[in-house]
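A.B. asks: Each of the two chains sits in its own frame; use the hints to bring them together as a complex.
These are the residues of each chain, in order.
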Amino acid sequence: MNPNKQEYTITVYTENQIGLINRIAILFSRRKINIESLNTSPSEAEGIHRFTIVINETEEVVRKLCRQIEKQVDILKAYYNTNDEIIWQEMALYKVPTDEIAEKVKVERLLREYGARAVVIRKDYTVFETTGQREETDRLVEVLEPHGLIEFVRSARVAIIKDSHGFHEKLKEFELAEPGEEVVENEYLDKQQEVFTM
Amino acid sequence: MHNETGTPDISRSKARTATAPADSPAAGANGLKTAVTKEISGSAAVLEAFLAEGVDTIFGYPGGAIMPIYDALYDYQEKLRHILVRHEQGGIHAAQGYARTSGKVGVVFATSGPGATNLVTGLADAMIDSSPVVCITGQVFAHLLGTDAFQETDVINITTPVTKWNYQVTDATEIPSVLAKAFYIAASGRPGPVLIDITKNAQLQKFSYAGYTKCAHIRSYRPKPIVRKEYVEKAAQLINEAKRPFVVFGQGVILGHAENEFRAFIEKSGIPAAWTILGLSALPTDHPLNMGMLGMHGNYGPNVLTNECDVLIAVGMRFDDRVTGRLDKYAKQARVIHLDIDPAEIDKNVKATVPVWGDCKETLPLLTELVEPRVYPQWLQKFKDHYKEEEEAVILSELNPAAGELTMGEVINLLNELTGGDAVIVTDVGQHQMVACRYARFKRSQSNVTSGGLGTMGFGLPAAIGAKFGAPDRTVVAIIGDGGFQMTLQELGTIMQCEVEVKILILNNRFLGMVRQWQQLFHDKRYSFVDITSPDFVMLAKSYGIEGRSVSEREHLKGALKAMLDHPGSYLLEVFVGKENNVFPMVPQGCSVSEIRLK
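Top line first, the protein sequences correspond to chains A and B. Sequence positions in the first sequence follow this note's numbering and run 1 to 198. Sequence positions in the second sequence follow this note's numbering and run 1 to 599.
Chain B on its own, in the form it takes in the complex (with noise of 0.2 angstroms):
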């Protein structure tokens, strides 16, 4: 599908300049001027861009439009590692995995058209998760633009939608300014994806480049609004008023390395807070102001609780609709405060009695100053109270099961003991990343990987590798469900050939389970179309030369678990559970979050 077919060849055996130091005879014969600049070709000049921003791996795929820029890679090998994933998706999957763990921009290679619009699902997932991403397309020579020629597709009007900023490079000489702003609007504020469309004549043209500038201004771009002491000061006077005060909090913190500032403040308040599913690992899990999860499977209490504080702190999240339930009675009778880099979220879904906008890295140490130190032990004890009836109504029987079929909070449990909170954890999308997110421990920061706003089945996988090379000395656990493995699961030959160590962990219920779930308790058990099927996934594994092993009896989980983890090298480990088991507790659509379900 990618194949070259009648564009012009690049002849490999031009000598690439790239390299060279400026002064170096090859740069500077012709005197002065050309000791400073020395003549490179577009795509040089795109992976010497990539070395002055510190990259040092690319998810992507070659084709067509982009081989210019493979072939000039060809030449950075020592200096850029590669990886070739087997789809596309995969590619920039991986890319957000790499950024989340390890904080940097994750950066993709594509090739026009079909290699292009395979980026889209993952750019919207980058979009609405916040992931920094810079994306590189390939696109056919300038000259055929707008004439359907072969692999070539509208990439900048596709993507406009899902992505903070784009642009088409058809010159050369634009491509280092085009690539610092890349760079700088994808992980600067709030993050987000970036695409660089790169025509072909672009790649191929020869031009004399002056060196790479990081960009740190652009006049209509404003990554952080002014913090205003005003705000912060109502806010301070708000929360020291307050009888019942709750914090959400969510990726902000993590994505502003925020994690202490964060503690400061609310071990200075003792304020109770709980996290949205992207901002979970924030906050390590036995803090004792931990309070758990929000949202439509959180915790009994934080959601109950909303309705019931007189002070809302919400710090990085954007009130999803997962989080709030029914949004005219969420927290309606509490003040809020929001704290957001983004001043487009202020009052977007939930009205701020005081908005504080701005990085709360900044934002959160002012707060701390003025607040004043409080405990608040009944208010606690509500949390407490409301965790004692959750656990005896749903967690002790998912965690610790007494017979039956094996349950994904068991699973989960045992994997904490096991690593002991240090694993990073990525998840696929469904019940199995709900009791995940639910179950699993967490001692640091960035080792919570999951595909929230969008939802995307197929995540897992490849954001699993991305996140390994992200932080290579952690153990990566990948957990999926048998739905979703099967939508990306070609990446079990990216981690064959280049040999990442990822841990698959497939909780498989024969079922897309939360569909059926769904189905069981609003559509009166008409299971349309959720039955699955799967391959032998072990087997499946050994092909890609993956060691594996399939469990269903209690007795060899744990053994299988730690096997899993003890191996060397990546690992698969298939656990079937329950065919219909439901996660609980559950906010319905359309309810409000006090309305809650233990059943």
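The following block holds chain A by itself, in its conformation from the complex (with noise of 0.2 angstroms):
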């Protein structure tokens, strides 16, 4: 594998437009790049989605994909940061029997030491959620596994960028009909320095 590869985090504001997730998807499979990690939801802005996606490349290749992301119509912005630019999170839910837990403190201390909550408890099982990265819900699937996982689902990636001062407001300003040009400009070939910015 290039040494030069990494994990990046690609945060991409977009229209919420059918077929949009296969136009940015196949930027991807076209260089032949597997995507590690997808989340879409809606962002704060009303009619604007955000993507986030993690893939594991070396600096240059994300530089250019992500300007091959913008360009697309109906993309507002993308831009890419390492992992310690960012603080992210993901969410995991651990189903296991009941008895199990109930009958073993040391599984009990082990959920309350992984900050896990318990979201449904039913006599045959219970689901218990944490938050965390990677690291974290993969111990906890280690140590869950001989007290009889039954099932485990993990989130893909979300994200917060660690320097993304006044994004908010220019967000808000995509609603309008007709962004100012501070919005509009292609910052990343500009400030390539700041780490907001591509």
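For the record, the hints were derived by calculation from the structure and aren't laboratory data. This one's a predicted model, so the numbers in the text were calculated from it and none came from an experiment. Think of the CB as a built atom: it goes at the ideal place given N, C-alpha and C, for glycine as much as any other residue. Warning: the hint list may mix true and false statements.
Said to hold, decoys possible - So the derived list for chain B, only partly shown, Cβ under 10 angstroms to chain A, looks like this:
| no. | residue |
| --- | --- |
| 1 | I156 |
| 2 | N157 |
| 3 | W165 |
| 4 | Y167 |
| 5 | R190 |
| 6 | Y221 |
| 7 | R222 |
| 8 | I346 |
| 9 | D347 |
| 10 | K348 |
C.D. replies: Given below as structure tokens:
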């Protein structure tokens, strides 16, 4: 593997358009890049969706990809960040037999240690939830394994960019029919030094 | 294949209100509200959009799922000319040719399923060569989507990678705004193909039509990046400090209608310029600063000196691998200024020292103002010296062979003489394309139509039909190889039916020549499936009512070319050229541009 490859989180703001996910996804698949994690959901601005995409690549490829993403008609903005430039979380759900937990104090302690929260408690099984990073949820899976883990699922990554000062205002401006020049400019070509811009 | 089967028929007797004025009794019978809106079908709305966008010609092929639109078209025949092509691929290539010579958006109709999938090659071609095209495809009724209905294909997903934008309409009320977006997106910024898929129910649906408003803004779409003066200043500074500056330009100059701005820039700065095959004709051939063609079969000087210049100024071009050769040995010594309207092109292949993004129609004058008037006699002399070398090694024997078989170059040379460089030259793909681009002479822009990025064999004949509709007052010569011609020769039927005047010049070497050349040079002459037979092209043309002639003797060539050009109407001239002639110079694949071979 190319040693210059690392995990990048790509944040994309888009119109809420049918088929747009395909238009974005094929930009990765045409370069034979695997998407490690993909989250898409409405942003705080009406009608604008936010994609969070995680891939393993070199910065050069990620930069080119972001430009090709942003160039698509229905895309408002695309940013990329390394892991130390973001706060990120994944949510995970664990289904375990209730009797195991009830009977074994050790399990209860474990769950508390990992900050797990019970979502559903039934006679036959209990569903716990944790929020954290990949390694943390992986570790809990590992320790629950001997205690009869029935099912496990993890969400895609969501991430907040550390240096996103003033971004909410910019996004609100996009809601206008005619966004100002500030919003429209190709920032990433301009201010390459700043984290928030590309 | 494209037959209507079983879907409800549309009665032609139903009166169309589309052409009725808004204040006519028919439209305004119910009082004030209906005086400004009128009931029209989705199909009529499509055609109204065309009229509002200034469309005059549609290239298309009917079929089941697009029948309501064709039915509406029946009433628009006086305002919209429809060219019935023989295959949808021909339709879209014709629209591309039309767009290239007219500078307007080319428009295509196709039905669902096979009609739409037949557009894919043309869409990919238009995408990579930035041609503004709007395709309307019919689709099965919305309630049948996803049921594997007759002639249903997932056209939106099939065409997503090869369209600038695409959209499926299932409700007629969307049609005016979606069509407005389609034309705006296709033509603005870096142009490209747009496909609108309209379900049959939306075509049939009547809705209250409030008129058509052109689109001028989409919040998530930036056709032109904002010009940054500080980068223009930096670029000018680099140029003013340069000792051996070199301009390489592409189709951006033509698409931006910036030919005059470009000329003013190189004339003031005194910088020699060379073109990509899509930039060809933007600068007249005999301009003193026109140094010729870049790339794999380009001129010797421009290729070699790319690796000797100190500042490389790229204008509206994308550093295709056929232009750059081996990328890690391309202009490494130079500082690069890249002018492009598409920010995604900056740094994509060649890292720019100074990116000047924006429409070159705006950025070039800014740059011209800041550059100092200069001349580079010694630097220009280098180009001339290299040209001399190339002339002796390649050009003289190609253009004026003393004996032996005819060469492609001498055909083009005679054609130049007879047309005076005024003709539109349309080429297909292969050896003849490279020879035509190398030797055809041009006085005017928008005169060279070719498939550059995709290299689509079969492009030439249909593109020439469209090129003639786009530039009806000009002579259009389609130069095509014997292989490529056989890929879309059914469009002879289109020429016959619509009586469009296209001069077809087939350069027949009885081989798939370019592949054969590579097999000769790089595969030990193992001629694997490049030996191609052809029908009697002249007889074939005659069966379509097209006059024609075939020549293989040098003494008859000029007379035959003259007869082709003088003939009123279409004409097919087949010229038998040398079987195993090669196109040189050549930058072998994987080599640097400075390793260009003269033989």
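A.B. asks: Are R222 (chain B) and chain A close enough, Cβ to Cβ, to be under 10 angstroms, as the hint says?
C.D. replies: 6 angstroms, holds
A.B. asks: Next item in the hint list is I156 (chain B). Is there a CB on chain A closer than 10 angstroms to its CB?
C.D. replies: 6 angstroms, holds
A.B. asks: With chain A as the partner, please determine if K348 (chain B) meets the hint condition of a C-beta pair closer than 10 angstroms.
C.D. replies: For K348 (chain B), the interface hint holds, since the closest Cβ of chain A sits about 6 angstroms away, which is under 10 angstroms.
A.B. asks: Is the interface hint for Y221 (chain B) satisfied, with its Cβ closer than 10 angstroms to some Cβ of chain A?
C.D. replies: Holds, because the Cβ-Cβ distance from Y221 (chain B) to chain A comes to roughly 5 angstroms (cut-off 10 angstroms).
A.B. asks: Closer than 10 angstroms between Cβ atoms is the bar; does D347 (chain B) clear it against chain A? Give me holds or violated.
C.D. replies: Holds, because the Cβ-Cβ distance from D347 (chain B) to chain A comes to roughly 7 angstroms (cut-off 10 angstroms).
A.B. asks: Under the criterion of a CB-CB separation shorter than 10 angstroms, is Y167 (chain B) in contact with chain A as hinted?
C.D. replies: 8 angstroms, holds
A.B. asks: So, N157 (chain B) near chain A? Judge it on the closest CB pair being under 10 angstroms.
C.D. replies: 6 angstroms, holds
A.B. asks: Take the shortest C-beta to C-beta distance between R190 (chain B) and chain A; is it under 10 angstroms?
C.D. replies: 9 angstroms, holds
A.B. asks: How about W165 (chain B): closest beta carbon in chain A under 10 angstroms, or not?
C.D. replies: For W165 (chain B), the interface hint holds, since the closest Cβ of chain A sits about 4 angstroms away, which is under 10 angstroms.
A.B. asks: A closest beta-carbon separation below 10 angstroms is what the hint needs, so does I346 (chain B) meet it against chain A?
C.D. replies: Since chain A brings a Cβ to about 7 angstroms from I346 (chain B), closer than 10 angstroms, the hint holds.
In summary, the structure agrees with every hint in the numbered list given earlier.
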